[in-house]
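On the provided structure of chain A, position chain B as indicated by the hints.
Residue strings, one per chain:
2 protein chains.
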Amino acid sequence: MAQNMMLYWCSGSPPCWRVMIALEEKLLQGYKHKHLSFDKKEHQCAEVKALNPRVQVPTFKHGDLIVNESFAACLYLESVFKSQGTRLIPDDPAEQALVYQRMFETNNLQQKMYDVAFYGYYVPEEERHESALKRNKENLVTELKLWDGYLEKVMGKGSYLAGKNFTMADVVCFPVIAYFPRLHCPKEKCPRLMEYYEMLKDRPSIKASWPLEWLEDPVGQDTLKDL
Amino acid sequence: MAQNMMLYWCSGSPPCWRVMIALEEKLLQGYKHKHLSFDKKEHQCAEVKALNPRVQVPTFKHGDLIVNESFAACLYLESVFKSQGTRLIPDDPAEQALVYQRMFETNNLQQKMYDVAFYGYYVPEEERHESALKRNKENLVTELKLWDGYLEKVMGKGSYLAGKNFTMADVVCFPVIAYFPRLHCPKEKCPRLMEYYEMLKDRPSIKASWPLEWLEDPVGQDTLKDL
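For the protein sequence lines, the chains are A and B, in the order given.
The numbering of the first sequence is UniProt numbering, which starts it at 1 and goes up by one.
The numbering of the second sequence is UniProt numbering, which starts it at 1 and goes up by one.
Next up, chain A with everything else stripped away, as it sits in the complex (with noise of 0.2 Å):
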């Protein structure tokens, strides 16, 4: 069934990781796919400039579908392949209404990660501030407070990101948590979310689609140490 899916992507790169762990969770292993290195523009080869206008991954294809939005490519999977593997979206509007405000307030995480951790690549050397890059770093700290409230509030020890279940939420989100002890976050800015990433970390979906790169250099760099 999966064999007319196609996904380009690469290593490390949250959305990339979030379509693959769905495509684990909904017993769609089998796909099609190309490892591109970002670090070599691979990303930006011929096959992905046709399928994607934005010359980005992931690049996703189900038979003639293309869905290249990260969220969009896991929200469909779920809809098509409803009923196979993991039912990430419940049935019921008050489990529904957590799991969809969570998956959404990922982004917050993401681009406040993306703005400390990677400040120095998207920002060009002389548009750079101190008074920036502390602030991006406040913000961080602030963000993740808050969902490790999220996850204090919801556990029980041993709860996912929207309740006793795994969900679409733990899908989009843990590729990003996952950063935050890859480079190096003290623990105490966010034990919680700490302690749910050990738990997740062996979870079969996300073992198998684990970034490459770092099972190649498993202590990474620190970049956010000194958060």
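A portion of the hints provided could be inaccurate.
Pairs count within a copy or across copies, as identical chains cannot be separated in the list.
SDA-like, lysine to any residue: derived pairs with alpha carbons at most 20 Å apart [what the hints assert, rightly or not]:
#1 Lys134 to Pro124
#2 Lys134 to Gly85
#3 Lys41 to Thr86
#4 Lys145 to Met6
#5 Lys49 to Glu143
Treat the hints as calculated values from the structure; they're not laboratory data.
Please read these numbers as outputs of a predicted model, since none were measured by experiment.
Chain B in isolation, oriented as in the chain A frame:
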């Protein structure tokens, strides 16, 4: 049915506006609401704080359920009131794929519009750079061309963002698109988008939720006139 809904909103905020359009399309007129002045910082009131730790609008409550992220609220309303009013997410997988894709691409258009139109608002004076604003403008022009091309592709004259029907893609994107004529963006930068805007601006759900401040001051600022 809508009497147990409460929306806190600011006039003209694209995230608020899209929730209001969704409410109208799902025939949920009669929902309770509170209009807050962004300029007077009324969105930071205690009522919002109690429901939304991010202290921002929209803040939306349905019974005891709180769904504040605008995309989350729109998807929640469509799911819970699926058979009521306009069907905003089609069942057909091909149609659905395109609706999701355009829906989430809206974040790009919105962010790039903000990065130009509200550059002075978001970036402190001592951190502003002509080079950054110039780049932001170029990115926005490129983004507009992309959307104009999308409409070119799906049209037939009179079609919507994801084809022949009005969908969630239009709900979430129209409030962003409306900023271009509002801020005097030259029509030739996105002629198809401007046709689309003209076609949709009098749609009942959109007219009923039109920003109050735009009614009071129909001319507006010309922030995008030199785009």
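Taking the numbered hints from earlier one at a time, note which ones the structure violates and give those numbers from smallest to largest.
Of the numbered hints given earlier, those the structure breaks are 2, 3 and 4, listed in rising order.
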